[in-house]
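One-letter residues, chain by chain:
2 protein chains.
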Amino acid sequence: MKNIHIILVETTHPGNIGASARAMKTMGLYSLRLVNPKIFPSADATVRAAGADDILSEATLHETLADAVGDCKFVYGTSTRKRNLQCEVLSPVSMAGEISKFIYDNVNIGIVFGRERTGLTNTELDLCDKMIAIPANPAFSSLNLASAVQIVCYEVMKAFSVNEQTTMIDMPKVIPVERAELERFYAHLEQCLIDVEFLDPDKPRRLMRRLKQMFNRIGMDQNEYNMMRGVLTAIQEKIRQR
Amino acid sequence: MKNIHIILVETTHPGNIGASARAMKTMGLYSLRLVNPKIFPSADATVRAAGADDILSEATLHETLADAVGDCKFVYGTSTRKRNLQCEVLSPVSMAGEISKFIYDNVNIGIVFGRERTGLTNTELDLCDKMIAIPANPAFSSLNLASAVQIVCYEVMKAFSVNEQTTMIDMPKVIPVERAELERFYAHLEQCLIDVEFLDPDKPRRLMRRLKQMFNRIGMDQNEYNMMRGVLTAIQEKIRQR
Numbered sequence: 006m007k008n009i010h011i012i013l014v015e016t017t018h019p020g021n022i023g024a025s026a027r028a029m030k031t032m033g034l035y036s037l038r039l040v041n042p043k044i045f046p047s048a049d050a051t052v053r054a055a056g057a058d059d060i061l062s063e064a065t066l067h068e069t070l071a072d073a074v075g076d077c078k079f080v081y082g083t084s085t086r087k088r089n090l091q092c093e094v095l096s097p098v099s100m101a102g103e104i105s106k107f108i109y110d111n112v113n114i115g116i117v118f119g120r121e122r123t124g125l126t127n128t129e130l131d132l133c134d135k136m137i138a139i140p141a142n143p144a145f146s147s148l149n150l151a152s153a154v155q156i157v158c159y160e161v162m163k164a165f166s167v168n169e170q171t172t173m174i175d176m177p178k179v180i181p182v183e184r185a186e187l188e189r190f191y192a193h194l195e196q197c198l199i200d201v202e203f204l205d206p207d208k209p210r211r212l213m214r215r216l217k218q219m220f221n222r223i224g225m226d227q228n229e230y231n232m233m234r235g236v237l238t239a240i241q242e243k244i245r246q247r
Numbered sequence: 006m007k008n009i010h011i012i013l014v015e016t017t018h019p020g021n022i023g024a025s026a027r028a029m030k031t032m033g034l035y036s037l038r039l040v041n042p043k044i045f046p047s048a049d050a051t052v053r054a055a056g057a058d059d060i061l062s063e064a065t066l067h068e069t070l071a072d073a074v075g076d077c078k079f080v081y082g083t084s085t086r087k088r089n090l091q092c093e094v095l096s097p098v099s100m101a102g103e104i105s106k107f108i109y110d111n112v113n114i115g116i117v118f119g120r121e122r123t124g125l126t127n128t129e130l131d132l133c134d135k136m137i138a139i140p141a142n143p144a145f146s147s148l149n150l151a152s153a154v155q156i157v158c159y160e161v162m163k164a165f166s167v168n169e170q171t172t173m174i175d176m177p178k179v180i181p182v183e184r185a186e187l188e189r190f191y192a193h194l195e196q197c198l199i200d201v202e203f204l205d206p207d208k209p210r211r212l213m214r215r216l217k218q219m220f221n222r223i224g225m226d227q228n229e230y231n232m233m234r235g236v237l238t239a240i241q242e243k244i245r246q247r
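Protein sequence lines correspond, in order, to chains A and B. So the first sequence is numbered by our numbering: it starts at 6 and just counts up by one. So the second sequence is numbered by our numbering: it starts at 6 and just counts up by one.
So here's chain A without its partners, still in its complex pose (with noise of 0.2 Å):
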């Protein structure tokens, strides 16, 4: 499971960071990557580790979340918030079953949890390709950070252990493209919108943001993003020729 990467967004308190890496690791999940933590490396971390230290002194530092996504090819943003957004939104378990389909395709995979207490910005979830929504009690949602991870962590482990699998039915799997390549498409989309002149970049309104939401629904494989990147070229070369 050492593609499976666990990614918190400016955690407050490094107790937390701590406990979330005793709380993967307790379920055999060992690679940590914080964007930007308040207090990182400190003795809190370490004492709240209790044993998963080794998970803390390989975790890696990120400056923004689109550069600790960049090489995943699945994105699952974590909320207990409602939130309105239109992308899918999956239980743990949804999840969890998801991405054991691709535990022999050395496929890169985040799973990404926000500030204790705001969560993930707009822009950070637009880095998102799905949701998970931790079931939780409505009157009292407010998961510790490490649980929400322990939980994630938890089904993560159920899934890929031999016993709990479920058989599932062999469908043809789309392997999505790395997220930075997702981003240069979608820069790429931006500037053709401007060329034909439906965005207009003094006032994007909510355009890029509805237009990302769709496309991350896709999942769009190599070939795919080829063939989009080859349409937005073709429009761009039409467009010069006047």
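It is worth saying that the hints were derived from the structure and are not from the lab. None of the hints are false.
Note: identical chains are not told apart, hence a pair may lie in one copy or across any two.
Below are the EDC-like pairs computed for lysine to aspartate or glutamate, each with C-alpha atoms no more than 20 Å apart in a straight line:
| id | residue 1 | residue 2 |
| --- | --- | --- |
| 1 | 243 | 195 |
| 2 | 78 | 131 |
| 3 | 106 | 183 |
| 4 | 243 | 202 |
| 5 | 243 | 200 |
| 6 | 135 | 226 |
| 7 | 43 | 15 |
| 8 | 217 | 76 |
Given chain A, work out where chain B should sit, using these hints.
Relative to the frame of chain A, chain B by itself:
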């Protein structure tokens, strides 16, 4: 779920009691019983409860486990260590499924968690009808006490909820456009690709099929459909300006 009692035996760190209360409340469980805790009440417990202090203030104190489980008809002990036990060992999922059958029967059920380092004694285990073994990394199975409580309560909540889907995030339902409308989008897309000379109508190859297979995965709703039709129209108008 008021008849399900979480029972912590001789907890050393009061912070773990608070974190367990929080874990319980996030999953809709409210009854906490403490057997001979080392320090309680405690400011550490209240801080870590983070809003679940109602559970702490209503927690009952017991001298012995025998007293704490006295009114329970089913008692489950938890363990991550190998035990040489002659009792049934269940996964958290199986345990939760079992107790969910008694939801309307007003039956008291106790779920027992041992000491942080040493777990439950053999005498205490004799008070348990069955064991719950939380799946964990064989190389590092040391779950934090509150994490173990979190996982068990999470499975209880899942089993008691009608389905596994969360009610927290009101998943905005994407209602796709009718097929006939989608076909109009495809016809428009095809014409647009001919206009920009990306598609040669004399040698169409598999291009439109591949694009349809990709766009089919979106499940485009009415707003997205209108947006995409707008994009195509803008491209065509830009070209015609030549």
